[in-house]
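Here the sequence shown is numbered in the numbering used here, starting from 1 and rising by one per residue.
To be clear, the hints were calculated from the coordinates, so they are not data collected in a lab. Note that CB positions come from ideal geometry on N, CA and C, so glycine has one too. Take the hints with a grain of salt, since some may be wrong.
Computed spacing ranges between beta-carbons, pair by pair [to be verified]:
1. G118 - A21: 19 to 27 Å
2. H24 - D280: 18 to 26 Å
3. E277 - V27: 25 to 33 Å
4. V27 - R62: 43 to 51 Å
5. K240 - D11: 23 to 31 Å
6. K240 - I264: 13 to 21 Å
7. W199 - S28: 15 to 23 Å
8. E278 - H24: 17 to 25 Å
9. F45 - G224: 23 to 31 Å
10. V108 - E278: 16 to 24 Å
11. A238 - D84: 30 to 38 Å
12. A55 - M16: 40 to 48 Å
13. S53 - A31: 44 to 52 Å
14. R58 - M102: 14 to 22 Å
Straight-line Cα separation of at most 16 Å, EDC-like style, residue types lysine to aspartate or glutamate; simulated pairs [stated by the list, open to error]:
15. K240 - E277
16. K41 - E277
17. K239 - D280
18. K41 - D280
19. K240 - E190
20. K46 - E237
21. K220 - D252
22. K151 - E47
23. K41 - E107
24. K188 - E277
25. K188 - D37
26. K239 - D227
27. K188 - D280
28. K240 - E47
29. K151 - E136
30. K240 - D227
31. K239 - E229
32. K41 - E278
33. K239 - E190
34. K151 - E270
35. K188 - D39
36. K188 - E278
37. K106 - D39
38. K240 - D280
39. K220 - D168
40. K240 - E278
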Amino acid sequence: MARISQMAGKDFSAAMTYHEATKHSEVSIGASAHYLDWDNKPAQFKEYKNLASIALPRNFPRPEKNSIKAIKGEKKDADVKKIDIGVLSELLFFSAGLTRKMRFGKEVYYMRAASATGALYPIELYVISGRIPGLEAGVYHFNPLHFSLVKLREGDYRAALDYAGSSDSLFAPLTLAFTSLAWRNAWKYEARSYRHWFWDSGVIVANLLATSNSAGIAAKAILGFADSEIDQLLSLEAKKEATVALAVVGIDHNPKALRLRQPIPSLALEINPLSREEVDYPLI
Numbered sequence: 001m002a003r004i005s006q007m008a009g010k011d012f013s014a015a016m017t018y019h020e021a022t023k024h025s026e027v028s029i030g031a032s033a034h035y036l037d038w039d040n041k042p043a044q045f046k047e048y049k050n051l052a053s054i055a056l057p058r059n060f061p062r063p064e065k066n067s068i069k070a071i072k073g074e075k076k077d078a079d080v081k082k083i084d085i086g087v088l089s090e091l092l093f094f095s096a097g098l099t100r101k102m103r104f105g106k107e108v109y110y111m112r113a114a115s116a117t118g119a120l121y122p123i124e125l126y127v128i129s130g131r132i133p134g135l136e137a138g139v140y141h142f143n144p145l146h147f148s149l150v151k152l153r154e155g156d157y158r159a160a161l162d163y164a165g166s167s168d169s170l171f172a173p174l175t176l177a178f179t180s181l182a183w184r185n186a187w188k189y190e191a192r193s194y195r196h197w198f199w200d201s202g203v204i205v206a207n208l209l210a211t212s213n214s215a216g217i218a219a220k221a222i223l224g225f226a227d228s229e230i231d232q233l234l235s236l237e238a239k240k241e242a243t244v245a246l247a248v249v250g251i252d253h254n255p256k257a258l259r260l261r262q263p264i265p266s267l268a269l270e271i272n273p274l275s276r277e278e279v280d281y282p283l284i
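Model the full assembly from the supplied sequences, consistent with the hints where possible.
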């Protein structure tokens with residue numbers, strides 16, 4: 001199957017322009033008139049309208065290994081047949097699930113398994129899965145508030161991941177996609193918030209790798225891919241949300257059939273607004 005080239009460009013001028021424009025200095029900090037508009041703070045969760053959701057089981061085991069030892073330990077590769085919706089639930093919870101809630105004044109803050117700058121949690125998780133026990137093949141959004149999966153697409157779209165450059169996804173039971181909602185972090189950090197996309201997603205990916213290795217399941221982070229293809233698959237709104245990383249979970253070393261890439265139709269998804277008003281930062 002033909003794939004989009006993964007050859008990285010060597011022109012870093014855009015990155016340097018962004019870095020210079022958003023780096024801190026005594027002058028920039030002193031001159032900033034930015035303030036936090038609490039009445040316009042982004043919602044803590046991405047909520048789709050009128051889409052079916054699947055409740056995830058909560059009777060999953062706790063990781064047996066210390067997180068650091070799990071990341072550093074020898075990578076195992078469990079039988080992919082053991083990867084079911086229960087295993088997926090475990091991975092999602094210890095990567096980005098809700099661990100507690102706290103009330104300050106009139107607002108409730110939900111803490112998650114992975115920390116985030118400003119406790120704003122801009123990173124969203126999606127699941128691109130083949131058929132596994134307890135879950136049909138499809139593309140899903142993970143809702144940590146309800147601990148559920150919202151189905152965005154039916155069918156096996158793993159070949160689309162392969163086409164976008166994640167070849168290991170073709171025969172893996174599932175792949176997780178990590179995206180960043182620009183406004184949720186820009187509300188506080190303005191144009192600098194693009195820097196936070198990678199800090200915040202990195203913590204979640206680290207949790208995933210530790211949890212999967214503790215469970216005896218091979219997982220691999222993928223950072224080089226055609227993000228526009230993945231964004232289309234996840235039906236992300238351009239300039240508001242973008243894919244930052246992928247994680248392939250489990251590898252089938254004995255694939256039984258070649259999977260062909262199918263067309264990716266556009267979706268008209270309704271999503272609750274994050275805020276009353278969103279501010280656009282062109283540098284992002």
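Comparing the hints with the structure gives:
Distance hint for G118 and A21: a CB-CB separation of about 21 Å, consistent with the stated range 19 to 27 Å. The hinted window of 18 to 26 Å between H24 and D280 holds, with their beta carbons roughly 22 Å apart. Between E277 and V27 the beta carbon distance is about 28 Å. The supplied range of 25 to 33 Å therefore holds. One distance hint, 43 to 51 Å for the beta-carbon pair V27 and R62, holds here, with the actual separation near 49 Å.
About 25 Å separates the C-beta atoms of K240 and D11, a value consistent with the hinted range of 23 to 31 Å. At about 19 Å, the beta-carbon gap between K240 and I264 stays in the expected band of 13 to 21 Å. The hint said 15 to 23 Å for the Cβ distance between W199 and S28, and at roughly 20 Å that hint holds. In this structure the hint that E278 and H24 lie 17 to 25 Å apart at CB holds, the actual value being about 24 Å.
Range check, F45 to G224: about 30 Å between beta-carbon atoms, so the 23 to 31 Å window is met. Roughly 22 Å separates the CB atoms of V108 and E278, a value that falls within the hinted 16 to 24 Å. Remark: the range hint 30 to 38 Å for A238 to D84 is upheld by a beta-carbon distance near 35 Å. Our hint of 40 to 48 Å for A55 and M16 holds, since their Cβ atoms are close to 47 Å apart.
In this structure, S53 and A31 meet the distance hint of 44 to 52 Å, their C-beta atoms being roughly 46 Å apart. Between R58 and M102 the C-beta distance comes to about 21 Å, which sits within the given range of 14 to 22 Å. Restraint check: the Cα-Cα separation between K240 and E277 comes to about 13 Å, which is no more than 16 Å; the hinted pair holds. Proximity of K41 to E277 is assessed by CA-CA distance (about 9 Å); at most 16 Å being required, the pair is judged to hold.
Taking the CA atoms of K239 and D280, the gap is about 9 Å. The hint holds against a cut of 16 Å. Taking the CA atoms of K41 and D280, the gap is about 15 Å. The hint holds against a cut of 16 Å. Taking the CA atoms of K240 and E190, the gap is near 13 Å; set against the 16 Å cutoff, the hint holds. Note on K46 and E237: the hinted pairing holds, with a Cα-Cα distance of about 13 Å set against a maximum of 16 Å.
For a cut-off of 16 Å, the pair hint linking K220 to D252 stands: about 13 Å separates their Cα positions. A distance of roughly 12 Å separates the Cα atoms of K151 and E47; the hinted pair therefore holds under the 16 Å criterion. Distance check on the hinted pair: K41 and E107 sit about 11 Å apart at the alpha-carbon level, within 16 Å; holds. Proposed proximity of K188 and E277 is supported: the alpha carbons are some 14 Å apart, at most 16 Å.
A threshold of 16 Å between alpha carbons decides the hint, and for K188 with D37 the separation of about 9 Å falls inside it, so the pair holds. Restraint check for K239 and D227: the C-alpha separation of about 12 Å stays at or below 16 Å, so the hint holds. Distance check on the hinted pair: K188 and D280 sit about 13 Å apart at the alpha-carbon level, within 16 Å; holds. For the hint pairing K240 with E47, the CA-to-CA distance comes to about 15 Å; that is within 16 Å, so the pair holds.
With a C-alpha separation of about 10 Å, the suggested pair K151 and E136 falls inside the 16 Å cut-off, and the hint holds. Distance restraint check for K240 and D227: the Cα-Cα separation of roughly 14 Å lies within the 16 Å cut-off, and the hinted pair is therefore satisfied. Between K239 and E229 the CA atoms are separated by roughly 14 Å; this keeps the pair inside 16 Å, and the hint holds. Simply put, K41 and E278 have alpha-carbon atoms about 10 Å apart, close enough for the 16 Å limit, and the pair holds.
Our distance criterion of 16 Å between C-alpha atoms is met by K239 and E190, whose separation comes to about 14 Å. In summary, the hint linking K151 to E270 is supported, as the alpha carbons are separated by about 13 Å, within the 16 Å threshold. Taken as a hint, the K188 and D39 pair is honoured in the structure, with Cα atoms around 13 Å apart against an allowance of 16 Å. In summary, the hint linking K188 to E278 is supported, as the alpha carbons are separated by about 12 Å, within the 16 Å threshold.
The hinted pair formed by K106 and D39 meets the criterion: a straight-line CA distance of about 12 Å does not exceed 16 Å. With a C-alpha separation of about 9 Å, the suggested pair K240 and D280 falls inside the 16 Å cut-off, and the hint holds. For the given pair, K220 sits about 9 Å from D168 by alpha-carbon distance, which is consistent with the 16 Å threshold. Under the criterion of a C-alpha separation no larger than 16 Å, the hint pairing K240 with E278 is consistent with the structure, at around 10 Å.
Figure legend: structure checked against the earlier numbered hints; every hint is met.
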